[in-house]
Amino acid sequence: MQLHPRFFGQNLRENLVSKLIKDVEGTISGRHGFVLVVTGIESIGKGLIRDGTSFVTFPVKYRCVVFRPFKGEVLEAVVTTVMQHGFFAEAGPLQLFVSNHEMSDGMEYQAGEMPNYTSSDASVRIQKESEVLLKITTVSVVATEIVRTISITLFTMQLK
Amino acid sequence: MSGEEEENAVELKIGDEFLKAKCLMNCEVSLIFEHKYEHLQQVSEDPMNQVSQVFEKSLQYVKRFSRYKNPDVVQQVREYPLSFFSFVRVYMPYDFDRILSRHQLTEFELCVLCNLCPKTAEEAVAMVPSLKTKGRAHSDEVIEKMLNDLSLVKRFE
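Chain order of the listed sequences is A and B.
UniProt numbering numbers the first residue of the first sequence as 1 and each following residue consecutively.
UniProt numbering numbers the first residue of the second sequence as 1 and each following residue consecutively.
Chain A with its partners taken away, still in its complex shape (with noise of 0.2 Å):
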């Protein structure tokens, strides 16, 4: 963590956690996924002067909790928009994008007002804000900004 001298002084520890906070909560990196919040401090090291500049730079140690999403994961998820090639869908702050050759046989595009995808039996229905549930088949961190997956529909719970 690097901190310029005007935040020295008795707030440093202030200053720094809350530099900190701002810093990484909200991030993604495709090692630890999303940093959602940090949690706590461990331990805050000896400020090093950095070369030709007044930055201090201090090594922060610090427990947050992070969202990663792995291939072959089982979560839940809302859908967002629905297309003719496949559905998008939300878990929180990753986006996941369900092709229509994902679905299982029998599930057909419906356009309209609400498009929706409906099982040949009309039992079950995805359209927007229907909760699913999704296994994850790929991970890609596009951009490192948002963390795309395609994924496989197990079974879908319509949302009343």
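Because the hints were derived from the structure by calculation, they are not lab data.
Being a predicted model, the structure only gives us computed values, none of them experimental.
All C-beta atoms in this analysis are idealised placements derived from N, C-alpha and C, irrespective of residue type, glycine included.
Warning: the hint list may mix true and false statements.
[To be verified] Under the rule of at most 25 Å between Cα atoms (straight-line distance), these lysine-lysine pairs were calculated in the PhoX-like manner: (1) 46/A / 71/A; (2) 22/A / 22/B; (3) 145/B / 61/A; (4) 46/A / 19/A; (5) 71/A / 61/A; (6) 145/B / 132/B; (7) 20/B / 132/B; (8) 22/B / 57/B; (9) 71/A / 132/B; (10) 13/B / 63/B; (11) 63/B / 22/A; (12) 119/B / 132/B; (13) 128/A / 13/B; (14) 128/A / 63/B; (15) 22/B / 71/A; (16) 22/B / 145/B; (17) 71/A / 20/B; (18) 119/B / 61/A; (19) 63/B / 71/A; (20) 61/A / 22/A; (21) 132/B / 61/A; (22) 71/A / 57/B; (23) 61/A / 19/A; (24) 20/B / 46/A; (25) 19/A / 57/B; (26) 57/B / 22/A.
[Said to hold, decoys possible] Computed footprint of chain B on chain A, listed as stretches where at least three residues anywhere in the stretch have a Cβ under 8 Å from a Cβ of chain B: (27) 36-46; (28) 55-69; (29) 75-84; (30) 87-100.
Since chain A is already given, all that's left is putting chain B on it; use the hints.
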């Protein structure tokens, strides 16, 4: 994304880091988030403005998909098994940590099971295929027993 070994939750190949880390269920994460949100409310008038979109979406998600609603139950059952059950005269010391060790589950598997609450062994194996692998060879009966243990915990809500 990972190094040499291909990641795959089906076979519990999620990397040492994550196998050793503490895994949280949606309801537990919900508690942590609410705690943070309350803290933000104390220091600012408009807390939702202070948090990232990632946090906001995650908060909505865990709230929506929390299976164990009562925060006291969640906290106590996870951390203080004996004190929670002290008022219960019947011998029923079921709690998550015991379920973990009794059935040799990893935290990851336990959390997925608690988040999704499968009703049958077939559902459970579809959601957590590693139950049948990793040399533990859980039979359907054993899995049903495990699911039963988990649902007993829920009954104390």
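Are residue 61/A and residue 22/A close enough, with their CA atoms no more than 25 Å apart?
-> Holds - the C-alpha atoms of residue 22/A and residue 61/A are around 15 Å apart, at most 25 Å.
Take a quick look at whether residue 63/B and residue 71/A sit within 25 Å of each other, Cα to Cα.
-> holds (24 Å)
Assess, step by step, whether the Cα of residue 145/B is no farther than 25 Å from the Cα of residue 61/A, and give holds or violated.
-> violated (41 Å)
Within the assertion that chain B covers the stretch 87-100 of chain A, do at least three residues meet a Cβ-to-Cβ distance smaller than 8 Å?
-> Since three or more residues must qualify, the claim that chain B covers the stretch 87-100 of chain A holds, with 4 doing so at under 8 Å.
Within 8 Å of chain B (C-beta), three or more residues of the stretch 75-84 of chain A | Three-residue rule met by the stretch 75-84 of chain A, so holds; n is 3.
Hint consistency between residue 22/B and residue 71/A [alpha-carbon to alpha-carbon, up to 25 Å] | Roughly 19 Å between the alpha carbons, so the hint for residue 22/B and residue 71/A holds.
Given hint residue 132/B paired with residue 119/B - CA-CA distance at most 25 Å | Roughly 17 Å between the alpha carbons, so the hint for residue 119/B and residue 132/B holds.
Pairwise hint evaluation, residue 57/B against residue 22/B, where the allowed Cα distance is 25 Å at most = holds (22 Å)
Between residue 128/A and residue 13/B, is the straight-line Cα distance small enough, at 25 Å or below?
-> Violated, at roughly 33 Å.
Could you grab the alpha-carbon distance between residue 46/A and residue 19/A and see if it respects the 25 Å cut-off?
-> The hint holds at about 17 Å.
Given pair status - residue 20/B, residue 71/A, alpha carbons within 25 Å = Status holds; Cα separation ~18 Å.
Proposed proximity, residue 19/A with residue 61/A (alpha carbon, max 25 Å) = Roughly 14 Å between the alpha carbons, so the hint for residue 61/A and residue 19/A holds.
The structure is inconsistent with the numbered hints 1, 3, 5, 10, 13, 18, 21 and 24, although it conforms to all the rest.
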